[in-house]
Amino acid sequence: MVKNKLTASFKNSDITFVVINLLIYRIFTQLPMTIFKTSGSAAPLSNLLSGIAAIGIIWFLTSCLLKNINGNLLDAAETLFGKLGKVLFCLLIIAYLAVSMIFTLENFSNLIRLIAFPTSPLWFVTIFLILGAVLGALGNTHSVIRLHGIFAPIIITVLVLLIVSTIYQGDTSRLFPLLGGGTNSVLSNSFSGIILYTDIILLLLIAPNGESRTYITKTVSIGAIFALLLNFLFALSFTLKIPQTIAQNQQFPIYLLMKQVYFGRFFQRLDALILLVSALSSMLYMSLNLTLIFDTFRQSLGFSQKPPVVIALGVLISLISLQSYTFPQNSILYLVYVCGFGVMAFSILAAIFAKVRSVLSEKK
Amino acid sequence: MKNNKPKESLTQNTKNRENNPGINSYIKNNIKDKKSVTYLTGIVSPNLAENRSFLDDAFNCEKNFDLVVRDFKVKIEDRFINAFLVFYDGLANKEFINRDILSPLMTKGLDYTPKGKDLEEIIYQCMISQAPNSKIREMQTVIELVSFGNCAVFVDGCNCAFVADIKGWSMRSVGKPISESVLTGPQEAFCETVMVNIALVRKILKDPNLIAENIPVGTKSKTPCALMYINGITNTSLVKEARRRLSQINIDYIFSSADIEMLIEDSTVFPLPQLLKTERPDRAAAQLSDGKVVIIVQGSPFVLILPATASDLVETSEDNYVRIAEANFMRLIRLIGCFLALLLPGFFVALMLYHHESIPTDLLFAIASSREQMPFPLVLELVVMILAFELIKEASIRVPEPIGSTLGIVGGLILGQSAVSANIASPLLIIIVSIAALGAFAAPSTSISRAISVLQFLFIFLGGVAGFLGVALGLFILVLWLAQSHSFGVPYLSTGQNTDSPFFIFPIWRRELRPKNLNPQTSKKQPHISRKWKDGEK
Amino acid sequence: MKKNKFFYILAAIFATTSLSGCYDSREIDETAYIVALGIDSENQKSYNYTFQLANPLEMSGGGAENESGGSPDSSVQNFVVSAPDFYIAKNQLNNFLSKTIDMSHLKLIVFSKTLDDDGFLNHSQFLIHEREVRPHTLVAVASESAGDFIKKVKPTLEANTAKYYELMSIRSDNIYAPSTNISDFLDQISINNRTSVLPIAHSSAESSGEAHNPDELWVGTDSARIDSKNSCLRGMAVFKNGEICGYMNGDCAMIFNILNRKIKSCTITLKNPAPGNSNLVFRVNIPKSAGYKIEKSKNKYLITVSQNLDIKFIGEFLPEGFNSEDELYNFAKQTISQKFTDFLYDLSRGKRADIMNMGNHFKKLFADTTKWDPTLWQKIFESADFSVNL
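Protein chains in written order, with my numbering: chain Y, 3 to 366; chain P, 230 to 767; chain R, 7 to 396.
The hints are simulated quantities; they were obtained by calculation from the structure and are not laboratory data. Among the clues, some could well be false.
[Claimed, not checked] Some chain P residues close to chain R (C-beta under 7 angstroms, calculated; not the full set):
#1 568
#2 591
#3 597
#4 694
Note that beta-carbon positions come from the ideal geometry of N, C-alpha and C, so glycine has one too.
Please take these sequences and the hints and turn them into a complete structure.
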């Protein structure tokens, strides 16, 4: 066998693409619309502020946590808060990942159904997505990361095409008044907009195995800046192009924006392409998610058999997402907010502790 | 002459025999006389009759009419010693036998016997001046060598056989490559003989570090396989693994390199080839210089190069013989061709069945008017046309040359034209099938082309079931499979060159490093400035 | 075990895909495509919907053979359905036809001018929420009956009617009619005090023009007539609060397009004040859209419209009556400014509809929506004075 010098490592470029997919896949969900509806004309500004805050958090987490702790985020939790802390954190991570996956699966299934399968039952779409996710998770983490390196550029290209084809014909008067509903509204939406980027935590679970830990902050930052710029441009394009009256009644911003694309008589629409990349993006995210849920189970509870855990989780999550209409309205969305901010807060706390510890140990 | 060497004990020889299962089974299956020393020990006996009897049984002399056993007498001074030689007519060169073995031993003979030398040594010295020769004491080895075209001489009183390498079988000369023809590169191709093939590679590389190990494969056929690599460049663990896999093949007969490929590749189910096959010595030499391993199999003009990754699948030799822009453009065309072949039919089905809004309005109405007369559903029509095309492709391989062009006319014009006129297929569908087929032909090797032809059905099926969602699932699963696969430890989707991108190449003066994914012992193959004549190069 | 795993996965995929059914799979020849839709009001409780469906079998090269208007265009089929709302009409048609209706290639929606404000608003909402209807579908108001307009459309230079509609909607040089899509129209009429314009669809080009006023210096190019019974889009209908508050001719539409930079160039013909001389024709290039400035003096607002125009006289020699080029261009500038000012006053005092969306320009001066009041702006607009700087 060709034995490479560095075993079990991912390429930096693949890590960058993982970061980008983790930070842009929520464009396809209904999350941005919750912000667009309340922000109105100030949506791009809110998004920009959220992005800047997210970059700061990401930089802080990668530079403080990964550089000062051996292993991944769970090892960091154990080092800093002991075994109980690690178990609690593991449970929180698993809850977040599971809820996020349910939300993602539900959203993407509804979006895909809306684009091209109006009369199909929801389970028809869900089954394709969950099958891709489960098969992806049954492989090893390396292959899932490698997939990101291959598919993420396609997703990015289509999104850039969407933005470019809509942004130049927008009505700039829709951006005014700049502050939309007021300063308070902008700031509160900026804060809640951070939910679009909480999945960066997933990277902290795998990044330690990257090709070069020295450059991990740079690798992650490049990806994060690019993804956040894409998010901002998407928000800008949406605000310029979509009238508020129409935006109020729809669930998926990308669906509205996609319908606005008109290239001419030959290549008229991006619907099919958006469907393709949204399916790919969801499968990428969910397979990574399932892999990390299993890894977290393994690290905390000691499970070693992957296929039964992954398949069982996949089935359970898809059943819950199909039945989500029976839950109180927006309950899953609120759970995502709670778990997402909880995980983010815990990680920031862990990063602060790690930084303080390293400063104290340096002084000694 | 007495054999001065002490006789090995029977017990020891029996133990030797037991330790060598090959001899055991062969002797058990073929030798009737189970009482002779030769049978018991597997060693050549000084008794000529025993050896004769053994070989009669081993070679089924009564039935094999092409096996020649020629009795003669060796003249030594003024006496004659009985001897016989055995060879296969058609495999050994009879002219050499008559001129270089029989004539010296029979007619000229040996004029004197130097003191202190035994008969074996005398006869060996006499024969060696005429032809390559070796003294073989194990019967099994004698049988193998005679089966491979050598001639064995047994002399009464000698407990060894003198085996002369005078192979004289008919073989094809070095010709032109059939499946990898290039316009501006060398026009030599491998042939079926392993030694000739090794020589073809060696004359390009001229490196004393180029090693060619002989690993016979096949318990009965003992097909020689040459494992070639460059010492000091190739990763030693790769060589070790290749050697391990080859030597642990347990099969009776090996017929070609395709058998070896199937026996040593990581996964037989994997759709794409994990070892490259080439019939060009220049390509094999180039891959060896990059740190890969080449396996040459006797009887096959295609050699195996390992490991293979996805980026190797779009390379051809022509890329190195044309200008860079042209080479990159051709690579791009090849890549586009492969993607079109794989995905175009699936995309077409998905668009036609699920995404009518994405089709331009004029085109949509043109398609609608043509499909109005069609009796079959789209998917069925597409599958039938693709199968028809595959039939034509398959038939054209076996059709005799004089009527080959006629088949092209029949298949292409008449069937296509008639299918459209009879409203069995729409014109647009014919175009889609043709483009997909041409795209498959653009693939650098036939194995990739065939793999793509099989995989496209998966995408047609998925596109027909769920449109672009199904195609996305198919793409995801296929790329996942590629990402999880390895070829001799190298990830299949790993990029090769350090300075090049996976799919495009740079000028030769910029290719400073060997492929990183092979982890070669020496990664640098040229200094940063390789064009010393150029002023100001940095 | 690995081999089994592979086959189990393959079996899972096959079972998933083949047993789940090909929902939403439609063959192209099993679908009927609507290319245009006309909505007329029959009475207070029902509407006449004219669905124009493409007939692909009849679509071949070339347009209609005669222009007499007698023979209908065979590349389309028209179906008129009377129903209380759009969805009932659509279901009726679906029931009637053997093929499934598809609206993803709908190119034109024509409303009748007799529709009430609810009719415009409701139908726009229904259509925009249809998954298949594109937001950039062209919308127009028929000068007579929407159904008649659609039935009389007969392309002469195009292979089929859908192509004709599509070319009409994407062309950027239609001077005498604005181009409004269903998304912008709905946005504009669904908010109070918001205005919109739609092109007027004439069933016959012969009847679309207006007589020229000989005293006016601005030679209305709208007065030109085409000797053709074919339909055309010319002029615009002005909407306010969701209903039509007035009509404007092709010249006004041209001014609207110039001020909004919907067209990049045009020609303007002016009457030579010196009697007995030929008209003066100017080529006008529009580099950018107009800028607006509002000033307040003594409780009165003055809105200054600044439009950058690149005017060039088309002629070799200086026309009679003008001693220099400066005099000529000053005359042109003055006449055009006057025409633009009359247009703005008509909007402000006559129609009372800010179709130029000047309000949006002034929204930029406010930091957030709490301080911006559209009602206040409407009052300012209706009482302001206008000045045009070219």
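Against the structure, the hints come out as follows:
1. Interface restraint check for residue 568 of chain P: the shortest CB-CB distance to chain R comes to about 22 angstroms, outside 7 angstroms, so the restraint is violated.
2. Restraint check, residue 591 of chain P versus chain R: the minimum CB separation of about 6 angstroms is within 7 angstroms; hint holds.
3. Taking 7 angstroms as the C-beta cut-off, the interface hint given for residue 597 of chain P holds, the closest approach to chain R being about 4 angstroms.
4. Satisfaction of the interface hint for residue 694 of chain P is found here, the shortest Cβ-Cβ separation to chain R being roughly 4 angstroms, below the 7 angstroms cut-off.
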